[in-house]
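J.: For reference, the chains in residue letters:
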Amino acid sequence: MNRLALKAFLAILHRDVVVTMREFIPFLLQALMQPLFFLFIFGKVLPNIGLASGNFASLMLPGIVALTGMIAAMQGVTLPLVLDLGFAREIDDRLLSPLPVWWVPLEKVLFATLRGTVASSVIFPLGWLILGDGFVVRTDRLGVLIGMVVLTALVGSTIGLLMGTTIRPEQISLMFTLIFTPLLFTGCTYYPWGALGNIRWFQILVLFNPLTYAAEGLRYSMVPPMHGFVLKTLGLGWILIALGASVIVMFLGGTRTFYRRVVT
Amino acid sequence: MTAAISVRSLVKRYSKSKTNAVDDVSFEVSRGEIFGLLGPNGAGKTTTIGVLTTAIVPTSGSGHIYDVDVARSPMAVKQRIAVVPQQSNLDRSLKVREILTFHAAYHGVPRKQREALADRLLDELGLGERKNEKVNRYSGGMAQRLMIARALMHEPDVLFLDEPTNNLDPQSRLFLWEKIHEMNARGLTILLTTHDMDEADKLCDRIAVMDHGKILVNDTPAELKKMIPGGTALEVRASAVRDAGRVATALAGIAGVTKVEPVAEEAEPGTLTWRVYAEAVNRHIGAAAQAVLGESAEVRDLSVKQPSLEEVFIFLTGRHLR
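Going line by line, the protein sequences match chains A and B. In terms of our numbering, the first sequence opens at residue 1 and continues consecutively. In terms of our numbering, the second sequence opens at residue 1 and continues consecutively.
One thing to keep in mind: the hints can contain errors.
Stated by the list, open to error - Simulated crosslink set (DSSO-like; lysine-lysine; CA at most 27 Å straight-line):
1. B/Lys134 - A/Lys7
2. B/Lys112 - A/Lys7
3. B/Lys134 - B/Lys179
4. B/Lys179 - B/Lys202
5. B/Lys131 - B/Lys95
6. B/Lys95 - B/Lys179
7. B/Lys214 - B/Lys226
8. B/Lys18 - B/Lys214
9. B/Lys179 - B/Lys225
10. B/Lys16 - B/Lys214
11. B/Lys95 - A/Lys7
12. A/Lys7 - B/Lys131
Unchecked claim - Label-pair ranges, simulated between beta-carbon atoms:
13. A/Thr181 - B/Ile314: 50 to 58 Å
14. A/Ser173 - B/Lys16: 27 to 35 Å
15. A/His227 - B/Lys134: 53 to 61 Å
Stated by the list, open to error - From the derived model, a few chain B residues whose C-beta atoms are all more than 10 Å from chain A:
16. Ser9
17. Gly128
18. Glu129
19. Ser172
20. Asp198
21. Asp201
22. Asp211
23. Leu216
24. Lys226
25. Thr232
26. Arg246
27. Ala252
28. Thr271
29. Ser296
FYI, nobody ran anything at the bench for these hints, they're computed from the structure. For glycine and all other residues, C-beta sits at the position ideal for the given N, C-alpha and C.
The following block holds chain A by itself, in its conformation from the complex (with noise of 0.2 Å):
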């Protein structure tokens, strides 16, 4: 019967495959404009005409990366789930074969990580090629890098999981107002958390996003000494533990709600 429960998960992968694969460009295009011009305008113009420094864009990039990587993953699961069990009921063939409920969006989390992964990783060419000489990363933490990419990744899929399954169709409109943006302007995406000294309360605050500790771990593995300068983020430990745990209770509120919204 396990055997069984497995071939069913991994044809429901291939299934998610296949249809991704056929809309890869759309997919692409979807999860990367907005971070394509985040890098033109604020690594490239801003720097160009004065208004921030040079180095600005070695220090957004990570948070670029941590940003792409953790929407294209909720992206993945939420929309597609909100609307299936709202109405669709397309999953209901995939609740009907013989492997347990929780699999279901065990697969859903899996394959949208692989998305958020893939999109994440494509930012690294395309900082290169927009950033030209301010494309700094550095090679000797390639490992952290790695998982952290993947991580991120998971931990915006677990949340798309949550939210998927608690918002309904109709307050679509309504999560992208707020949920989306104040996740967005309150992840230290575009600043490092180091820096925010002087806004103790607005530090303190973004701490509660685990988009933070994305980034901060992110800007570890990636941002370079600079004229001596070593970058304090985060402590690696910090960020592991924060996002391990919010992928834990993402991942087990997100199962539970899904179970409840199937088998009543």
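Use these hints to put chain B onto chain A, whose structure you have.
T.: Just chain B now, with coordinates in the frame of chain A:
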């Protein structure tokens, strides 16, 4: 031999509800049977199917598919059943043929087998020419046929059809009825719900009528029709009637007649109609004609009315709207 479906003392009460959606329901469906679940909206049909298809957890009691407990071993049950829902839940991201092959893959059917089966079923259900399209362009009837093809892809033992021909044109409806009979002839056990009495009458070996979460009756269509009091009825239409009351009395005076009811609507101008109930009403045709003629009225029409399932349904569940 174990039953294909067996439901014992099933109760389902949803949280926040004060009444049981399904209230102590028991029934069995033998292998190879077509079993109809009839009832007004909210009678508990969908909840009963939900329990049997593992989407709803029973509050108490049990459901078994081929001796496998649906609440305890949902995975094993899923491998033996297939569900065709009321509304399309086809995977719109896939092409038609892929909908079938992926469904089979979810159920562990080997590649060669699922490819061959998909092509065969698409041809059988008249979808072979449009198998590489997406379902967006499919009509309601085609979507319904595709859902049936999908259900057959993992060769289930029991098929659940929830109002299979609702909203279909007459051609699609006839086609599906034929297919349902064919699938059944190949040994598939079928449980279907419907509001269409004609459909239930034509398809089902046995019918259970549900209302307010309970099964009111469970029998063959022929037996159910006998439930109408007085059985069959004789309709007597007469013209040139001078005293309607006397004709009715004369009809009621025939030995064996249990009830005489005037029919309100006028079938043709200047005529009156009565419905005469008796155990074996066709034996009284002559006597009824005599009774009318005896009152110096003219007989215009005499006909034996077979009760329809619809009458049985209304008789059992009442006329009020839900």
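J.: Now tell me, hint by hint, if it's right for this structure.
T.: Hint check:
1. Distance check on the hinted pair: lysine 134 of chain B and lysine 7 of chain A sit about 25 Å apart at the alpha-carbon level, within 27 Å; holds.
2. In summary, the hint linking lysine 112 of chain B to lysine 7 of chain A is supported, as the alpha carbons are separated by about 15 Å, within the 27 Å threshold.
3. The suggested pairing of lysine 134 of chain B with lysine 179 of chain B holds, with an alpha-carbon distance near 23 Å, which does not exceed 27 Å.
4. Between the alpha carbons of lysine 179 of chain B and lysine 202 of chain B the distance comes to roughly 13 Å, so the proposed pair stays at or under 27 Å and holds.
5. With a CA separation close to 7 Å, the supplied pair lysine 131 of chain B and lysine 95 of chain B stays within the 27 Å bound.
6. Our distance criterion of 27 Å between C-alpha atoms is met by lysine 95 of chain B and lysine 179 of chain B, whose separation comes to about 23 Å.
7. Between the alpha carbons of lysine 214 of chain B and lysine 226 of chain B the distance comes to roughly 21 Å, so the proposed pair stays at or under 27 Å and holds.
8. The suggested pairing of lysine 18 of chain B with lysine 214 of chain B holds, with an alpha-carbon distance near 16 Å, which does not exceed 27 Å.
9. Between lysine 179 of chain B and lysine 225 of chain B the CA atoms are separated by roughly 26 Å; this keeps the pair inside 27 Å, and the hint holds.
10. With a C-alpha separation of about 20 Å, the suggested pair lysine 16 of chain B and lysine 214 of chain B falls inside the 27 Å cut-off, and the hint holds.
11. Note on lysine 95 of chain B and lysine 7 of chain A: the hinted pairing holds, with a Cα-Cα distance of about 21 Å set against a maximum of 27 Å.
12. Of the supplied pair hints, the one linking lysine 7 of chain A and lysine 131 of chain B holds, its CA atoms being roughly 25 Å apart against a limit of 27 Å.
13. At roughly 57 Å, the beta carbons of threonine 181 of chain A and isoleucine 314 of chain B sit within the given window of 50 to 58 Å.
14. Taking the beta carbon of each, serine 173 of chain A and lysine 16 of chain B are about 28 Å apart, inside 27 to 35 Å as hinted.
15. Our hint of 53 to 61 Å for histidine 227 of chain A and lysine 134 of chain B holds, since their Cβ atoms are close to 57 Å apart.
16. Every Cβ of chain A is farther than 10 Å from the Cβ of serine 9 of chain B; the closest lies at roughly 20 Å, confirming the non-interface assignment.
17. Non-interface status of glycine 128 of chain B relative to chain A is upheld: no Cβ of that chain comes within 10 Å, the nearest being about 21 Å off.
18. For glutamate 129 of chain B, the shortest C-beta to C-beta distance to chain A comes to about 22 Å, beyond the 10 Å cut-off, and the non-interface label holds.
19. Look at serine 172 of chain B: its CB is around 22 Å from the nearest CB on chain A, clear of 10 Å, so calling it non-interface holds up.
20. With a least CB separation of 28 Å from chain A, aspartate 198 of chain B remains clear of the 10 Å interface cut-off, as annotated.
21. Listed as outside the interface, aspartate 201 of chain B is consistent with that label: its C-beta sits roughly 30 Å from the nearest C-beta of chain A, beyond the 10 Å cut-off.
22. No Cβ of chain A comes within 10 Å of the Cβ of aspartate 211 of chain B; the nearest lies about 22 Å off, and the non-interface call holds.
23. The claim that leucine 216 of chain B is not at the interface with chain A holds, since no C-beta of that chain comes within 10 Å of its own (minimum 25 Å).
24. Residue placement check: lysine 226 of chain B keeps its beta carbon more than 10 Å from all beta carbons of chain A (closest about 38 Å).
25. With a closest Cβ-Cβ approach of about 44 Å to chain A, threonine 232 of chain B is found to remain outside the 10 Å limit, as its non-interface label requires.
26. Residue-level check passed: arginine 246 of chain B sits 62 Å from the nearest beta carbon of chain A, beyond 10 Å.
27. For alanine 252 of chain B, the shortest C-beta to C-beta distance to chain A comes to about 54 Å, beyond the 10 Å cut-off, and the non-interface label holds.
28. Residue-level check passed: threonine 271 of chain B sits 53 Å from the nearest beta carbon of chain A, beyond 10 Å.
29. For serine 296 of chain B, the condition that its CB be more than 10 Å from all CB atoms of chain A holds, with the nearest at approximately 67 Å.
Going down the numbered hints, you'll see the structure goes against none, and every one checks out.
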